[in-house]
Structure formats: C-alpha cells, structure tokens
Amino acid sequence: MVKKILFLSSLTIVLNGCSQPTNDKTERTSEDALTDSIHEFSDPIEVVEEQSFDSTRLNYSWLEDFELVNTLVNRIDVPDGFERMDYETGSFADWLRHLPLKEGVPDVLLYNGETKWNQDAHHAVVDLDLDNRDLQQCADAVMRLKAEYHYQNNQFDRIHFNYTSGDNVPYSKWASGKKPVVSGRDVVWRTCSSCDDSYDSFRKYMLSIFNYAGTASLEKELNSKSWNDVSAGDVIIKGGSPGHAVLVLDVAQNVTTGDKVFLIAQSYMPAQQSHILKNPENGMLSPWYSISEIEQGSVFTPEWTFDNNSLMEFED
6 MVKKILFLSS LTIVLNGCSQ PTNDKTERTS EDALTDSIHE FSDPIEVVEE
56 QSFDSTRLNY SWLEDFELVN TLVNRIDVPD GFERMDYETG SFADWLRHLP
106 LKEGVPDVLL YNGETKWNQD AHHAVVDLDL DNRDLQQCAD AVMRLKAEYH
156 YQNNQFDRIH FNYTSGDNVP YSKWASGKKP VVSGRDVVWR TCSSCDDSYD
206 SFRKYMLSIF NYAGTASLEK ELNSKSWNDV SAGDVIIKGG SPGHAVLVLD
256 VAQNVTTGDK VFLIAQSYMP AQQSHILKNP ENGMLSPWYS ISEIEQGSVF
306 TPEWTFDNNS LMEFED
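Quick note, the sequence shown lines up with residues 6 to 321 if you use the numbering used here.
Simulated from the structure, these hints should not be mistaken for laboratory data. Only a predicted model underlies this, so the values are computations on that prediction, with no experimental measurement involved. Every residue, glycine too, gets a C-beta built ideally from N, C-alpha and C. Do not take every clue at face value.
What the hints assert, rightly or not - No farther apart than 25 Å at their CA atoms in a straight line, the calculated lysine-lysine pairs in the BS3-like style are these:
1. 209 x 230
2. 178 x 230
3. 107 x 121
4. 178 x 121
5. 183 x 209
6. 225 x 243
7. 243 x 230
8. 283 x 243
9. 283 x 107
10. 184 x 209
11. 225 x 184
12. 121 x 225
13. 230 x 121
14. 184 x 230
To be verified - Pairwise CB distance ranges, derived in the manner of DEER restraints:
15. 297 x 199: 28 to 36 Å
16. 199 x 233: 45 to 53 Å
17. 209 x 262: 19 to 27 Å
18. 262 x 197: 32 to 40 Å
19. 302 x 209: 40 to 48 Å
20. 275 x 173: 37 to 45 Å
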C-alpha cells in the first residue's frame with residue numbers, strides 16, 4: 006500500500022546569528038540555504054507501507070523444503086476491504102492457505118514434462134509433484150491434497166475414497182498390508198507385502214485411487230452447501246464423463262458488505278501441475294472469485310463452467 010505524506014510548508018525554524026550591517030544587496034547565508042532545503046520537503050513523499058508476512062511453516066510431505074515467501078498466503082493479497090477468514094491453526098483450510106507455490110508464474114507442465122497448450126488460465130502454480138502417468142487429473146488432484154493432509158497428521162482412518170464401482174477403499178486397510186484388486190465388477194482385498202504406512206506406499210495407494218475413481222465417484226461422497234458458507238477445502242464439482250472439479254484454497258470476507266471471495270486450484274486433462282486459476286469474468290478481482298457474482302449465475306472458470314449449485318464439502 007502506498008501512502009502520500011505531506012510535510013507542511015509552514016514549518017518554521019528560528020535561527021539565531023550575529024547582527025549584520027544593512028545594505029542594498031542581500032547576501033545569502035548558510036541559514037538561507039538550510040531554509041530552502043527544508044521547503045523542498047513540502048512536496049509529497051511516497052512511502053511504501055511494509056506488507057505483513059506470515060511466518061507459519063507447515064509440513065508438506067512431498068517437499069523437502071520451501072521458501073516461506075512463496076506460500077500462497079504471502080504471495081496472493083486479498084482485495085482491498087477484505088480480510089482472510091479465521092481458520093484453526095493446522096486445520097485442512099489453514100494447511101491449504103499456506104500451500105507452497107512455485108516461484109513466479111512458470112508454465113504449467115503436463116505429467117510427461119511437456120508444456121500445457123493453454124498458459125493463459127493460471128495465476129500461479131502449486132508446488133505439488135506429479136507422477137509420470139496420466140492419472141493426477143482434476144478430481145485426483147483434489148483427493149491428493151485431501152489425503153496428503155491427513156497422511157502427514159497420521160489420520161489414516163480419514164483417508165478413504167470410493168472407486169467408481171461404489172466400493173470404499175480405505176487407506177487404513179492398505180497400510181495394514183492389504184491391497185484392493187479389481188476382478189470384473191468386484192473389488193477383492195489381497196495380502197500385499199509392500200503395502201504399509203510408508204510415504205512411498207501411500208503414494209502407490211493414491212495411484213490406485215486415481216486409476217479407479219473420478220469426478221463421478223467423488224461427487225457422491227460430498228455434501229452440498231451454500232455459497233455463504235464457502236470455506237477452504239470445499240470442492241466445486243460436476244461429476245460425470247466429462248466432468249470437472251476444482252478445490253477452494255482460501256477465502257476472504259469484506260469487512261463492510263460481508264461479501265466473500267475465494268481462490269480455486271485445478272489440475273485438468275491430461276494430468277498436469279495443479280495451478281491457481283485466474284478469474285476470466287472479473288480481471289480487477291482476479292484471481293479471486295466473488296460469491297455475490299456466482300449467486301446470480303454460473304461459476305465461470307477459464308476452462309470449465311459450473312452451475313451455481315456445484316459447491317460441495319467433504320464429510321470429514
């Protein structure tokens with residue numbers, strides 16, 4: 006924020022010196038020069054007000070280290086007149102708000118290292134790795150972040166997703182040495198010597214989820230909610246084939262009007278780096294989206310349009 010500070014020209018400095026004889030020609034003295042230099046400060050001076058810095062460092066299992074200056078909360082300011090919603094420290098919403106972002110605005114890359122064809126949709130790229138398979142697409146990226154949060158907090162019983170068949174696949178069962186195997190229309194659990202609670206094994210569990218789950222199955226696991234109650238961790242989703250899903254990463258509220266704005270991130274097809282989306286309908290507000298605009302119509306994102314009843318949340 007830039008503020009202009011005006012030093013009043015009426016500032017007077019009284020200087021005491023020896024008396025000089027009067028003559029027709031006025032001689033400039035050192036006191037005159039000092040007075041002139043003071044009057045120069047009557048023009049406005051621009052002073053940059055230092056932005057607040059969030060020093061919170063949370064854990065993200067896929068990263069060995071990251072710079073705090075590149076966390077979402079430090080990279081993306083709220084619009085004028087808005088304040089970020091209060092979230093419990095260490096909650097899923099708080100964890101998403103502090104997600105590390107890649108420095109600057111790099112290109113979005115696909116799972117195979119190629120550049121995505123559309124580089125105009127994103128405001129920033131989330132520092133979240135990809136496997137070299139075309140699996141971590143839209144709903145998969147949502148499930149990945151949800152599962153990563155619970156994994157690092159040792160909440161294994163809260164990591165569970167349904168295959169499109171409707172079969173529930175809990176990570177706690179995988180970590181105990183069992184593996185789901187699709188056999189026709191059935192899912193059977195078999196003993197697995199490499200299935201445990203290590204991070205590498207957890208990532209293999211997630212690949213299984215990516216392979217057999219999607220927007221259709223995820224939508225059935227979520228509950229609808231009002232836009233007035235939007236929170237980080239909510240999902241905007243349209244199940245089906247094709248379908249799409251984006252994840253709400255942060256929310257702020259106008260202290261005067263009560264209006265709420267939010268940030269969303271997506272992966273897409275083919276599998277690609279998760280990225281924070283621009284707002285194509287409101288460049289002045291972008292990358293934030295306003296619920297007051299959504300309640301009047303659809304949710305327009307750069308690569309998908311959602312109905313305004315598409316906001317949902319996880320049960321736990």
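For each hint, the structure was consulted:
no. : hint                  : result
1   : 209 x 230             : 32 Å, violated
2   : 178 x 230             : 30 Å, violated
3   : 107 x 121             : 16 Å, holds
4   : 178 x 121             : 36 Å, violated
5   : 183 x 209             : 13 Å, holds
6   : 225 x 243             : 11 Å, holds
7   : 243 x 230             : 14 Å, holds
8   : 283 x 243             : 19 Å, holds
9   : 283 x 107             : 16 Å, holds
10  : 184 x 209             : 10 Å, holds
11  : 225 x 184             : 23 Å, holds
12  : 121 x 225             : 30 Å, violated
13  : 230 x 121             : 33 Å, violated
14  : 184 x 230             : 34 Å, violated
15  : 297 x 199: 28 to 36 Å : 51 Å, violated
16  : 199 x 233: 45 to 53 Å : 46 Å, holds
17  : 209 x 262: 19 to 27 Å : 48 Å, violated
18  : 262 x 197: 32 to 40 Å : 54 Å, violated
19  : 302 x 209: 40 to 48 Å : 42 Å, holds
20  : 275 x 173: 37 to 45 Å : 28 Å, violated
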